[in-house]
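Novice: Okay, here's what each chain looks like letter by letter:
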Amino acid sequence: MSPIIVTETRESLLNRRAAVLARLGMTAEEFAHLAATKTLTGAEWEARDELDEIAFLLGE
Amino acid sequence: MPDSLGRRSAEFASEVQASLNGVLPGDVSIVAVSMDAGDRYSVRPSSGSVPIHVDGEYLADLRLLMFLSLDHTGRYLKTLRSDLAIHSVLDRTPLLRLEFRSDMHTAPIAHWQIHAERGAFSHLLARAHAHRPELVARPHDLSSLHLPVGGKRFRPCLEDLLEFLVVECGVDTREGWQAAIHQGRASWRRRQLASAVRDIPEEAARSLREAGWEVPPPDSGSRQARQQTLSAW
Chain A
-5 MSPIIVTETR ESLLNRRAAV LARLGMTAEE FAHLAATKTL TGAEWEARDE LDEIAFLLGE
Chain B
7 MPDSLGRRSA EFASEVQASL NGVLPGDVSI VAVSMDAGDR YSVRPSSGSV PIHVDGEYLA
67 DLRLLMFLSL DHTGRYLKTL RSDLAIHSVL DRTPLLRLEF RSDMHTAPIA HWQIHAERGA
127 FSHLLARAHA HRPELVARPH DLSSLHLPVG GKRFRPCLED LLEFLVVECG VDTREGWQAA
187 IHQGRASWRR RQLASAVRDI PEEAARSLRE AGWEVPPPDS GSRQARQQTL SAW
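For the record, the sequence lines run as chains A and B. When the letters of the first sequence are read in order and numbered with my numbering, they come out as residues -5 to 54. When the letters of the second sequence are read in order and numbered with my numbering, they come out as residues 7 to 239.
Derived by calculation from the structure, the hints in this document are not laboratory data. Among these hints, one or two may not hold up.
[To be verified] Calculated lysine to any residue pairs in the SDA-like style (CA-CA distance at most 25 angstroms, straight line): (1) A/32 / B/145; (2) A/32 / B/144; (3) A/32 / B/96; (4) B/84 / B/193; (5) B/84 / B/37; (6) A/32 / B/103; (7) A/32 / B/132; (8) B/84 / A/15; (9) B/84 / A/32.
Can you make the complete structure from the sequences, with help from the hints?
Specialist: Following this line, the structure appears as structure tokens:
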């Protein structure tokens, strides 16, 4: 089984981020503050990974 | 450059996939993700995590996320970030994390974070917090500590974590898992050794000459040691 190459677009990444934040019910800034100061729940840990990946791929 | 990076990222993802599928039951699919095949890739399981079982019971997840680019020469793959974490299925929060951040300034570049509690340790940290709150910000939270492990070149690899899970935590394996561990770890250490040689070529040449090799210096190119990589925490 060969690894899969996935090519996202800027639009698809932005849509993914909007969906993650909608699930969390907060803005990116609110989540960044939460992650820096509080103990995250399981769902928030998974969201953190996804948001970090999106930001990295967008070059932010 | 992007074509080369895409090919190298796919090769790296293939190695990760081979180690995981050689050690753990089930078939994990690893993906290499980019935006428009650009200058950076992430590597992770397609589902985000890898299930960990003990005697067939699903008890934890291995989460894996790596960020890749090419180094300043454009010739070598560079890991910018690597997150390996074990999460309990009970509350989906981490039990332990092995992280690497190439741009880390305050905490160690490579570190373990342990999600556990120890009263006597918290006592020490609480006293330290009272005197040096700028250093010890979260005395109640041992997972906020970053335990340093070898810096950029000599940090543990995925195979080290996998063997820890097998040998010390008793998780389920495939038959012949040791071969996958040894192959993956050897590949990792060869790559890290080659990077370390590029960090400090004069030292590498001196060691080879002591062993009887003839190592003439290059006509051009830097021979300077990368002090930052050598000395960084």
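Novice: To test your reading of the hints: which numbers does this structure violate?
Specialist: 8 and 9
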